[in-house]
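Asks: Here is what each chain is made of, one letter per residue.
Number of protein chains: 2
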Amino acid sequence: MAEIMLVVQKYGGTSVGSIERIKEVAKRVAATRAAGHQVAVVVSAMSGETNRLLGLARQIAAQPDERERDVLVSTGEQVSVALLAMALKETGYPAFSLLGHQVQISTDSAFGRARIKHINTNRLLSALRDGHIVVVAGFQGVDAEDNITTLGRGGSDTTAVALAAAVKAEACEIYTDVDGVYSADPRICPHARKLSRISYDEMLELASLGAKVLQTRSVELAKRYQVPVHVRSSFSPEEGTWLVQEDPSMEEVIVSGVTSDLDQAKITLLRVPDRPGLAAKLFSPIADDNIVVDMIIQNASADGFTDLTFTVPKGDTPKALARVKAAAPEIGADGVVFDTEVAKVSIVGLGMRSHAGVAARMFQTLAREGINIQMISTSEIKISVVIAAKYTELAVRVLHDALIPPAK
Amino acid sequence: MAEIMLVVQKYGGTSVGSIERIKEVAKRVAATRAAGHQVAVVVSAMSGETNRLLGLARQIAAQPDERERDVLVSTGEQVSVALLAMALKETGYPAFSLLGHQVQISTDSAFGRARIKHINTNRLLSALRDGHIVVVAGFQGVDAEDNITTLGRGGSDTTAVALAAAVKAEACEIYTDVDGVYSADPRICPHARKLSRISYDEMLELASLGAKVLQTRSVELAKRYQVPVHVRSSFSPEEGTWLVQEDPSMEEVIVSGVTSDLDQAKITLLRVPDRPGLAAKLFSPIADDNIVVDMIIQNASADGFTDLTFTVPKGDTPKALARVKAAAPEIGADGVVFDTEVAKVSIVGLGMRSHAGVAARMFQTLAREGINIQMISTSEIKISVVIAAKYTELAVRVLHDALIPPAK
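Protein sequence lines, in the order shown, are assigned to chains A and B. If you use my numbering, the first sequence corresponds to residues 393 to 800, in order. If you use my numbering, the second sequence corresponds to residues 393 to 800, in order.
Don't read these hints as lab results, they were simulated from the structure. A portion of the hints provided could be inaccurate.
If chains are identical, the list can't say which one is meant, so a pair holds when it fits in one copy or spans any two.
[To be verified] Keeping only pairs whose Cα atoms sit at most 25 Å apart, straight-line, the calculated DMTMM-like set for lysine to aspartate or glutamate is: (1) K415 <-> D695; (2) K717 <-> E395; (3) K586 <-> D666; (4) K673 <-> E722; (5) K419 <-> E458; (6) K586 <-> E441; (7) K415 <-> E458; (8) K717 <-> D666; (9) K782 <-> D538; (10) K615 <-> E761; (11) K509 <-> D699; (12) K509 <-> E537; (13) K560 <-> E638; (14) K415 <-> E441.
With the hints as extra help, turn the sequences into a complete structure.
Replies: In structure tokens form, the structure reads like this:
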């Protein structure tokens, strides 16, 4: 007889986007319960609902009150859990819903971007032990003053992982519309393959790839509490990708994935006198504008001048340029140039820590195709390069074929 | 300087039926606050929203789980309070929303028809004292196990009156789309006039008239806790009708109102042997079907037989007839006849307790118009007659003109 497990399943907005889909989800959950497992389900709002509610709020005020906005949008998940619990009861299993404040998912009071501080598992665990299926509203919590809070975009992933950590679930299954995490985007790279396992650290580095299936914050949480996360398709019974703690065998795979990010713009200050405090003078005002600077390259030459290049999200280019141009005279730059037609291409892999020569192979592979590298940045398990945007797909394909062995 | 009052205002679904109307309500509430008063506001779901949500539930299950149905429909009021609180903040006054469980409106666990047991006023009163406008979700409460409950149709009236009682408000203002309670339906009776005051007991007897503006249950609650309720129009600044404890002067008005009810059907059992236990045998199975029997007339003749006539809501006629026909042979009735083309017309007034001859004047007035009286039923402050439906409007008009003095 198979082992009885405690499983947390999370279904996103598309999976509960219509009454028919909610009934399909109910069947899937009931099947897990029928196999003898204990099941807690986390659901998002029906797709489109959160935007509909925010649209109402914006008709009232350009900047709606943040506390009330959370009261408003949290109704989206409340509708989903009620409907799914009803559908589950139709399958014959005892089931009920719990909202954030009913579970007691305690958060801080940062409305719209609250962080979970503690989850009370008493009511949840006793219901699961009694054979109930518990449907928990994703994305929402409650602060110390009994106010409703929400966790921000993708918050239901965070709820699911946090819940799985709190109840010590054997698995946290994230159901989505793709069937797992791939070594590269299959639409770009025909040889891309589904990874059966990936380490939390690799998944974090693959953020731009991973963001399509899992919010970065939920991966950080999974890593901290070592929650086994299973990313899989809601339309197929096949296994997807397991996010796990690394083990020795994983280092045998040198590169796990290749990823690209077109949401990048490059800004360069020309011939800046290389004096202490330069970076602070430049980047403090940019940070004040909440612009996230990704890569920074400073290359001092012997004559005491330096070119300073950095990247920002493409949409922030005008704001960043305004700040840079305002600072340029003070720091003595000769001029400012920028380029929005760039891409960041990265290779990620635990094995890079112990295998020399990976960077060299990456650069050689790109050089062979005549692709010029504009910037380089490395971390322990990642190498990123900035190249001209037009070469993005080509770069991903050749790096994948050169560095990732074909599936057996 | 005017006295500072604590006022509870209630706005129904039509009053908050669109973003524009919500903004209008915010203006009205802010004006009350600007006059120096403390204001708590109770709102219903936007019109149509509760039915939309129930429609979703019915697509999941013919009989949706009752607990989850309350989780679902209570989102309607949650959306309204959030939007109104946002709109109030735009007026510059501090305002926030409270849901049933946040106020702590404690109810029993009868989902869909819960009764309020206790209201915690701590958070509410301290916020009002600090100058905040508090927007409370109508229709919803929380049971002892922290489950969401709802109070049934018209529950927001009940929330408003119960809240006014709990905080000892100087007034509970019920804003609606009519401008008060009338001595008769103005569409039927051109001489009908708006009552400036009416006693709780009269309002209860005028239920079929009053149901258009106020739920019976909220009137019972107002009577028990002597809450001064002010029924008035959300579209006009004029005073409406005050529901108040009776005072001696009110007995001077013999008849306050005339009302009619077309939702009646009459069922008669012919020549039943008049034996003890007859009524029990007949009415127990009807009660088992949750059919509310209104008037019952039994008139025994000297030969030991009786005709037995009673009225039921028109829609329950087929169910009631089935029960009666099943019981008829056992109780020895000669036959069963029924009539759905009947109406109940009533006159209501505190003064009837001390003034003789009101009934006689009522019967004479109807006789003068050739209107045959089929059944009569009286209470201390009400006389009801059943007549042919076609005479309804005529009966209301002649009774109003004969028994209610014209406005000065």
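Asks: Going back to the hint list, which numbers does this structure go against?
Replies: Hints 1, 2, 3, 6, 9, 10, 11 are the ones this structure does not satisfy, whereas the remaining hints hold.
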